[in-house]
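The primary structure of each chain is shown beneath.
Number of protein chains: 2
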Amino acid sequence: MNAVGRYIHDNRDRYVRELTAYLAIPSVSAVPEHRDDVRRCAEWTADSLRRAGLEHVRLFETPGHPIVYADWLHAPDATTILCYGHYDVQPPDPVELWESPPFEATVRDGRIYARGASDDKGQLFIHVKAIEAHLSQLGRLPINVRVLVEGEEEIGGTHLADFVRDHRELLASSAVIDSDSAMFAPGVPSIPYGMRGLVYFQLDLRGTTGDLHSGSFGGAVANPAGVLADMLSRLKDQDGRVTIPGFYDDVRSLGDAEQSAFAALPFDDEAFRRSLGAPRLCGEAGYTTLERLWTRPTLDVNGLLSGFTGVGAKTVIPAVAMAKLSMRLVPDQNAEGIARQFEAHIRAVAPTTMDVTVTRLACGDPWLAGVDDPFVRAACRALEYGFGKAPVFTREGGSNSITTIFEETLGATVVMFGIGLPSDNPHAPNEHLALDSFQRGILAAARLYDEIATIR
Amino acid sequence: MNAVGRYIHDNRDRYVRELTAYLAIPSVSAVPEHRDDVRRCAEWTADSLRRAGLEHVRLFETPGHPIVYADWLHAPDATTILCYGHYDVQPPDPVELWESPPFEATVRDGRIYARGASDDKGQLFIHVKAIEAHLSQLGRLPINVRVLVEGEEEIGGTHLADFVRDHRELLASSAVIDSDSAMFAPGVPSIPYGMRGLVYFQLDLRGTTGDLHSGSFGGAVANPAGVLADMLSRLKDQDGRVTIPGFYDDVRSLGDAEQSAFAALPFDDEAFRRSLGAPRLCGEAGYTTLERLWTRPTLDVNGLLSGFTGVGAKTVIPAVAMAKLSMRLVPDQNAEGIARQFEAHIRAVAPTTMDVTVTRLACGDPWLAGVDDPFVRAACRALEYGFGKAPVFTREGGSNSITTIFEETLGATVVMFGIGLPSDNPHAPNEHLALDSFQRGILAAARLYDEIATIR
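These protein sequences, in sequence, are chains A and B.
Going by the working numbering, the first residue of the first sequence is number 1, and it counts up by one from there.
Going by the working numbering, the first residue of the second sequence is number 1, and it counts up by one from there.
Extracted from the complex, chain A is given alone in its bound form (with noise of 0.2 Å):
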């Protein structure tokens, strides 16, 4: 072991010191009342990077939550890598269901718990505190190396977007490391190379200027909580396949070879359906739950809200009612395009009897790479040197638009390059993360700076 990784393996108990730190801080870019946290947490991010070694460190403002720089440049002959990640979190709700506090990190069982721990601050400390082992150590890293941290991720932001479009020169790099992914499986190092795209919508219905007594007025009356069950139902026909007009019509089928590799993972149905405590799995006909996870489109409900929601009984015709709905996409839909459509078809099936009004939140496209680029190559070899084993192609259900804008932006390649596990409930109650990958992860994403190196 080098003085890299001896660093590394010693100052293991500081990192997690350092981690619980980070995640204490409710960087909730949602919630309009963390405005004041999430700048906050940029600020940390910044002096961590500051504390790492690391140069021309600073805050560039956007319309909604800064955005973190870094970098080291001083290795003139070799290449520039872009790490990113997101200081920004899901909001903790439902905070009854934590067994402990979101944001005062807990260590059980080998994890450390807390909002933010997985998805993605403790995947984007890895590079932080591999850096500073390197220039700690050795007093320089052997490529050149940007950090670029933002906020808005959890919100489907689009102000990264802009900032990468108009800062071209600064973030100039052959490949971008995005710290936002998960392996596979426990043990089971991974290489995500797909991700699915997103639009996500909140409908509001507005059928009478307030509540109604639902004995005075039942019956004479369009109900806003009755028509958005309606229009939700009417999005999917009874096969659980989205009616929206056009909808399928850009998706790219599966080829052999991949449906050979998926199926050659370690996945067991019975064991999944288990994890989530589902009754049953449900899903496209004809497909695997991982094809129906990584290549099919979906439209989830994502949130309802409506009239008389308390205890007991309350006899009324509710005045208005919300939803939230997403739709998840794959190559080669647009998401622009189905965004319009989808907008098109709610003003086509929009009832007379209320006002109804569509908000898009948040649009990407669905993003699919190659698995022989040399910098892939060299994430796995680091990967391997981390994990003591060599790292699976997948792809993931989930979606980061900024993947296909740092391809387009920078002519880099993206490389996915993360260590936590979809079972990390990143997005739900008792978000957490494995110490041991994290430490493992850090161990790697030093070893990758190095392989990265050897690129001819």
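Keep in mind the hints are simulated off the structure, nothing from the lab.
All the given hints hold, so there is nothing to weed out.
Negatives, chain B to chain A, calculated, CB over 12 Å:
1) D162
2) A263
3) E408
4) G411
To give a feel for the contact side, a few chain B residues facing chain A, derived at Cβ under 7 Å:
5) D211
6) S216
7) G218
8) A225
9) G226
10) A229
11) S233
12) G303
13) G307
14) K314
15) G397
16) G398
17) P426
18) A428
It should be emphasised that the depicted structure is a prediction, and the values quoted were computed from it without experimental measurement.
Cβ atoms here follow ideal geometry from the backbone N, Cα and C, with glycine treated the same way.
With the hints as your guide, set chain B onto chain A.
Relative to the frame of chain A, chain B by itself:
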């Protein structure tokens, strides 16, 4: 004007002050946190009856909220009536839409605004003050009067029904005067002779143990919010007719006489629509608005809750989804039968992808009475005395299962004797009562006892 009438006239301001104190008690029966307030309100009600000169005033405990009873039985040769009302109120939600605090009664433009002003504290209080006027001015009432005030009307509680069945002798009366009613329109005193029944349910769906990331899991598990929307949507067909098997089997057709009488009432669809702020009215084809409200059954969603309902976009597959829904029933539908049909229907259509729980929250039969009964005729004369105009006969869309129970258990004629208006916002923000109607109501109630004394 006799001594009673003069006394009522002279005490107008005091009545409003006392009602204001009554309305200050947040006796929200549906909300467990208000349990002590509900009891305090029962005690306030009892004190007011005691101060009015009634005897045997006491609270009867129930498994829920207490029942208040009082009587004056010193007219041995005269008939006995029972004045019924309820001291509990609807929740004030959404509180932010109130122009003045819901439990600080405020007089504006001749109306008193507060939760319960109309439904039912204000309407009940006219009898308390009418009885007080007789006893204080004449030392007696012309008939025997019992007063029965419950605290669970707004939650469709069953404890009053049990109480009535268990206390037939205590409550023995020839007529029940039900204060929980309404006038058809401002300045149009009315005697409703029909009410719809009510069955009310909560539906709870659970798909998985916890909320899931909609990217990592979307497409492989059923979505409780989506399934709930489907289930609700399939409770009605495209024409808005309820699809529960057998739902319409026992619905009685409207006769020509009632149809003509309803058509003769002063009712303007466009003014009604405008008053609700609805883009257009909506209901069963082939029926007028009044027919839809009074003579046709309904199914309404009263509340929806699932997943993320805050500001912004959270990409979650909810673990659970909840709906509250209710049906208004008409003669000759049977509430228990319809409730069982609904429960069987839900069991039949519930998917195997999630746990579905149905909870019955209310179950009461519709009511329809004759208009030639001598007590009804006495009420007509009393209302004409108080309001200077003969009342019209109407039905109500609302529900009060106690009506049927009074009839069946006591063998009493039930007379609806209300002075509020449907537009008083009884279950919505800014509930109010016209003070002129309140004052005329006290006069009419005082006269009612005299008119009933003349029945031979």
